[in-house]
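Novice: Spelled out, the chains give:
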Amino acid sequence: MAKRLGEQTIKIDNPVSIINTASVVGPKEGQGPLARYFDVVLDDILHGCESWEKAESKIVETALNKVIEKADLSSRDIDIIIAGDLLDQNTGSTFGVMHLNRPFWGIFSACSNIGQAMSIGALTIDSGAAEKIIAGASSHFCSAEKQFRTPLELGNQRAPTSTWTVTGSGCTILSNSQDGPFITHATVGKIVDFGVVDAANMGAAMAPAAADTIAAHFRDTRREPSYYDLIITGDLGYIGRELAFRLMGDKGYQLDDTYTDCGIKIFDKAKQDTHSGGSGCACSAVTFAGYLFNALKEQTLNKILFVPTGALLSPTSSQQGQSIPGIAHAVAIENTR
Amino acid sequence: MEKTKYQELVNELSPNSKIISNTLKAFLIGGLFSIGGQFILNTFKSAGIAQDSAATYTSIVLIFIGVLLTGLGLYQRIGKFAGAGSAVPITGFANAVASPAIEFKKEGHIMGVGARMFILAGPVIVFGTFTSMIVGVFYYFSKGGLL
Numbered sequence: 001m002a003k004r005l006g007e008q009t010i011k012i013d014n015p016v017s018i019i020n021t022a023s024v025v026g027p028k029e030g031q032g033p034l035a036r037y038f039d040v041v042l043d044d045i046l047h048g049c050e051s052w053e054k055a056e057s058k059i060v061e062t063a064l065n066k067v068i069e070k071a072d073l074s075s076r077d078i079d080i081i082i083a084g085d086l087l088d089q090n091t092g093s094t095f096g097v098m099h100l101n102r103p104f105w106g107i108f109s110a111c112s113n114i115g116q117a118m119s120i121g122a123l124t125i126d127s128g129a130a131e132k133i134i135a136g137a138s139s140h141f142c143s144a145e146k147q148f149r150t151p152l153e154l155g156n157q158r159a160p161t162s163t164w165t166v167t168g169s170g171c172t173i174l175s176n177s178q179d180g181p182f183i184t185h186a187t188v189g190k191i192v193d194f195g196v197v198d199a200a201n202m203g204a205a206m207a208p209a210a211a212d213t214i215a216a217h218f219r220d221t222r223r224e225p226s227y228y229d230l231i232i233t234g235d236l237g238y239i240g241r242e243l244a245f246r247l248m249g250d251k252g253y254q255l256d257d258t259y260t261d262c263g264i265k266i267f268d269k270a271k272q273d274t275h276s277g278g279s280g281c282a283c284s285a286v287t288f289a290g291y292l293f294n295a296l297k298e299q300t301l302n303k304i305l306f307v308p309t310g311a312l313l314s315p316t317s318s319q320q321g322q323s324i325p326g327i328a329h330a331v332a333i334e335n336t337r
Numbered sequence: 001m002e003k004t005k006y007q008e009l010v011n012e013l014s015p016n017s018k019i020i021s022n023t024l025k026a027f028l029i030g031g032l033f034s035i036g037g038q039f040i041l042n043t044f045k046s047a048g049i050a051q052d053s054a055a056t057y058t059s060i061v062l063i064f065i066g067v068l069l070t071g072l073g074l075y076q077r078i079g080k081f082a083g084a085g086s087a088v089p090i091t092g093f094a095n096a097v098a099s100p101a102i103e104f105k106k107e108g109h110i111m112g113v114g115a116r117m118f119i120l121a122g123p124v125i126v127f128g129t130f131t132s133m134i135v136g137v138f139y140y141f142s143k144g145g146l147l
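Chains as they are written, first to last, in this note's numbering: chain A, 1 to 337; chain B, 1 to 147.
The hints are simulated quantities; they were obtained by calculation from the structure and are not laboratory data. Being a predicted model, the structure only gives us computed values, none of them experimental. Glycine is no exception: its CB is placed at the ideal position from the N, C-alpha and C atoms. Incorrect hints may have been included.
Calculated from the model, a selection of chain B residues having no Cβ within reach of chain A, i.e. all distances over 12 Å [as the list claims (entries may be wrong)]:
#1 Gly31
#2 Ile40
#3 Ala54
#4 Val135
Some, not all, of what chain B presents toward chain A, calculated at C-beta under 7 Å [stated by the list, open to error]:
#5 Met1
#6 Lys3
#7 Leu13
#8 Thr70
#9 Tyr75
#10 Ile78
#11 Lys80
#12 Gly83
#13 Ser86
#14 Ser99
#15 Glu103
#16 Lys106
Simulated pairs of lysine-lysine, DSSO-like, Cα-Cα distance not exceeding 27 Å [to be verified]:
#17 B:Lys105 with B:Lys80
#18 A:Lys146 with B:Lys80
#19 A:Lys269 with B:Lys18
#20 B:Lys105 with A:Lys146
#21 A:Lys190 with B:Lys3
#22 A:Lys132 with A:Lys3
#23 B:Lys18 with A:Lys271
#24 B:Lys5 with A:Lys190
#25 A:Lys190 with A:Lys3
#26 A:Lys269 with B:Lys25
#27 A:Lys70 with A:Lys132
#28 A:Lys146 with A:Lys271
#29 A:Lys303 with A:Lys3
#30 A:Lys132 with A:Lys66
#31 A:Lys190 with A:Lys303
#32 A:Lys271 with B:Lys25
#33 A:Lys58 with B:Lys106
This is chain B alone, in the form it adopts within the complex (with noise of 0.2 Å):
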């Protein structure tokens, strides 16, 4: 059997993941996730924390739910079934974040649970500051007027 040939009959034969379900099942976690965010938001802001603040004391509590929803071992059975809609949300950052650093640990602090805790993490942090530089220079040189 070639080679091409071969691949399109593992294709054929390689179940595709459930789509249409895995979707809605994101849609709903994902959307809960978000919900809880915005009462967290709400409630900061109810005890008169101006806009900015409350915003990022909304971010430090959900990272905080994240890590510790993942020591105790519950990120991992949420994703299973939410895929997308638990890995978006910033408490699935905080889980690529500290789900190396738990599985490193044994290496000890400084070449596991330092180096290693960016595994997965490290390339949104590089990429996102990369893309930040180049819009922070459209913006000085267009003086703002091209954003």
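Bound-form chain A, shown alone (with noise of 0.2 Å):
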């Protein structure tokens, strides 16, 4: 059975492998750097619906899909499906999951969603539980625009701190299988509040909590960051990251170039006009389900800690003049237990 470390992190004492994973992207993903990695990139952004949230839903479905395909798998050996995504009362991931008709968890912890679904899904199969459940998150640029922001035809300039949502669903395959890699740890994220109130500055309200995360890893696991070959936050991009690494050292944990983030790898900001990088719940899930994935079976990258963050604000709460809380879920990914 897991077992608790210190205040936050749980061990997982079975093994949990990720067997597969299935990344579906936009175009405008498909032209980044990450490309290569992904199963499927749309030429169009609507994925052949008639709006962009049921768009979503429908990459959701392309996404589980090609993820039950890659492992060999029929819909009925999934246990259960773990997923969570951005829009109102989690319709992006229920309108997707709905036709597998499998049971069924949704989540929210906002952009962090697949750190969460990958956390309770290692605990269910840990637990003896299921033995094969899919964890999975996603998101839409313009379905995420249309609901947080402002109307995509609307002639405004972004702000140079802004980033950009990415579009696109990833899933992963946990199984109770012996062949790695394997989920070894789950540090659950607080919800962390330093006041920002610039919903256009998403890197910095959520730069607190990943290093809050961080460090509490750090601290139940007693491992020190060159433990990792990678650590990898979800969508702080360049602004987030670099604050958080400077939170980091403040805390006593000094980072280095191993420290990175998905919003950073997932877009060439040169050339994609992305500002401060990548963001949204398919940030970190496609990064981790195309190259993350990738790198561990290749084994250039054996031990990494993978930390998505999410911002926990609304639109109301924002018009309501609150600051955005932020969260981060860390999980410990390692080719060998």
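Both chains come to you apart, so use the hints to assemble them.
Specialist: Here's what the structure looks like:
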């Protein structure tokens, strides 16, 4: 059975393996530096649907079917699907998962959804309650802009601190198999609010939560940053990554170049006009399902600390002048256990 | 790290918008919009239309152009370059009405287009009308003497 370490970390005891992943992304992500790692790159951001919300759900469905196909399984082999997104009432996930007719847990911790889904999935498998679980997350640039910001056709300028919501869905199949990579630890994040109110600077809002969770992970596991080949946060972007880096230094943990962010990896800042980087649930989900899983399989990376980050705001909380709390869930993934 | 110190660090690491180049671009494109408007106005006047009517027709033409460019997906690109230069002219107002109308079309004509069309321009209309009421009241009681 899983064991509690320190205040926030859970050590997974029985093997929980990530047996396969699938990533479906939009056209812009398909022009980015990680393009070759994605399973499906869409030409059409509407994915043949009539609205962006429907498109997001269809992207979820495509990713679920793809991961089941890649793992050579049928949907009946999946015990539980755990997924979340950014749309009101989690409809991005639910309308996509529905057609598979499998047991479903919808979750929400904003853009850190994939970290929460993988943690809950790993614990459920560790407990023996399930053998195969899909953990996934999705977001869509247009549906997110529509819900959180301004209409797409409005002639305005994006702030230099803003990030670009990734269109896509990333899914992982977790199983009790003996082949790595394995999920070995899950550090459950706390909600951290450092008083940032600028919704165009999400990296700054989330960086304190990321640093809090990463520091908690090291404290609880008694590991050092050098233990990992890569520490990668979810969607802090360039500004948030630098802030998290400095906050970690302040806490006594000196990170180095092995610390980066999925929002930095997924877009080419110079060519793609994405300002501070990528964001959204899909940012960490597809970067993991594509690039990171590939690196773990090829053993160019053997130990990673994957820390998806989320900004816990709603359009209403923002309009009522509330600051933006952040959350980050860390998942340690290692080729040996 | 304390919150106040963190906020200072955020300010230090977050780049600001490029005020000088943005202002120049806004001046340039805003000026072009104004020249275009003046050209349309002069054309109507040279066709023998009175000043008042010609000004109204000019506004209508500019609003049409703003909506058309929004529908073609071009106003967003102009706005990205020009900023306030394309947001402030009446074409920008048309863009602020047309863009949510397009965005919320999927929610139907009543609750979508109808209800959401003024989410951006609504405050301008409400406070514009409110301000004109206050000015009207002053004007009435001062018999025009204050203005």
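Novice: If a hint holds in the structure, say so; if it doesn't, say that too.
Specialist: Going through the hints against the structure:
Against chain A, the non-interface label of glycine 31 of chain B holds: every CB pair exceeds 12 Å, the least being about 16 Å. Its beta-carbon lying about 20 Å from the closest one in chain A, isoleucine 40 of chain B satisfies the requirement of being farther than 12 Å from that chain. At roughly 27 Å, the least C-beta separation between alanine 54 of chain B and chain A is larger than 12 Å, which holds for a residue marked as non-interface. Its beta-carbon lying about 29 Å from the closest one in chain A, valine 135 of chain B satisfies the requirement of being farther than 12 Å from that chain.
With 7 Å as the threshold, the beta carbon of methionine 1 of chain B comes within range of chain A, its nearest partner Cβ sitting at about 5 Å, so the hint holds. Satisfaction of the interface hint for lysine 3 of chain B is found here, the shortest Cβ-Cβ separation to chain A being roughly 5 Å, below the 7 Å cut-off. Taken as an interface hint, leucine 13 of chain B checks out: its beta carbon lies about 5 Å from the nearest beta carbon of chain A, inside 7 Å. Contact between threonine 70 of chain B and chain A, as hinted, is supported at the beta carbon level, the nearest pair being about 5 Å apart and thus within 7 Å.
Because the closest C-beta pair between tyrosine 75 of chain B and chain A is about 5 Å apart, less than 7 Å, the hint holds. With 7 Å as the threshold, the beta carbon of isoleucine 78 of chain B comes within range of chain A, its nearest partner Cβ sitting at about 6 Å, so the hint holds. Because the beta carbon of lysine 80 of chain B sits about 6 Å from the nearest beta carbon in chain A, less than 7 Å, this interface hint is met. Annotation: interface hint on glycine 83 of chain B holds; nearest CB of chain A at approximately 5 Å, less than 7 Å.
Of the supplied interface hints, the one on serine 86 of chain B holds, with its beta-carbon coming within about 5 Å of a beta-carbon of chain A, less than 7 Å. The criterion of a C-beta within 7 Å of any C-beta in chain A is met by serine 99 of chain B, whose closest approach is roughly 4 Å, and the hint holds. Interface restraint check: glutamate 103 of chain B against chain A, minimum CB-CB distance 4 Å, threshold 7 Å, status holds. This hint holds: lysine 106 of chain B has a C-beta 4 Å from the nearest C-beta of chain A, less than the 7 Å allowed.
About 23 Å separates the Cα atoms of lysine 105 of chain B and lysine 80 of chain B, which keeps this hinted pair within 27 Å; it holds. For the hint linking lysine 146 of chain A to lysine 80 of chain B, the alpha-carbon distance of about 17 Å falls within 27 Å, and the restraint holds. Proposed proximity of lysine 269 of chain A and lysine 18 of chain B is supported: the alpha carbons are some 17 Å apart, at most 27 Å. A C-alpha spacing of about 12 Å is found between lysine 105 of chain B and lysine 146 of chain A, which places the hinted pair at or below 27 Å, so the restraint holds.
Taken as a hint, the lysine 190 of chain A and lysine 3 of chain B pair is honoured in the structure, with Cα atoms around 17 Å apart against an allowance of 27 Å. Between lysine 132 of chain A and lysine 3 of chain A, the direct Cα distance comes to roughly 21 Å. Compliance with the 27 Å bound is thereby established for this hinted pair. As the CA atoms of lysine 18 of chain B and lysine 271 of chain A are separated by approximately 19 Å, the hinted pair is consistent with the 27 Å bound. Distance hint between lysine 5 of chain B and lysine 190 of chain A is fulfilled; the C-alpha atoms sit about 21 Å from each other, no more than 27 Å.
At most 27 Å may separate the alpha-carbon atoms for a hinted pair to count; lysine 190 of chain A and lysine 3 of chain A meet this at roughly 19 Å. Between lysine 269 of chain A and lysine 25 of chain B the CA atoms are separated by roughly 23 Å; this keeps the pair inside 27 Å, and the hint holds. For the hint pairing lysine 70 of chain A with lysine 132 of chain A, the CA-to-CA distance comes to about 14 Å; that is within 27 Å, so the pair holds. Annotation: proposed proximity of lysine 146 of chain A to lysine 271 of chain A holds, straight-line Cα distance about 24 Å (limit 27 Å).
Note on lysine 303 of chain A and lysine 3 of chain A: the hinted pairing holds, with a Cα-Cα distance of about 20 Å set against a maximum of 27 Å. Restraint check for lysine 132 of chain A and lysine 66 of chain A: satisfied, since their Cα atoms lie roughly 15 Å apart, inside the 27 Å limit. Pair hint lysine 190 of chain A plus lysine 303 of chain A holds up; C-alpha atoms about 24 Å apart against a cutoff of 27 Å. Of the supplied pair hints, the one linking lysine 271 of chain A and lysine 25 of chain B holds, its CA atoms being roughly 22 Å apart against a limit of 27 Å.
A C-alpha spacing of about 17 Å is found between lysine 58 of chain A and lysine 106 of chain B, which places the hinted pair at or below 27 Å, so the restraint holds.
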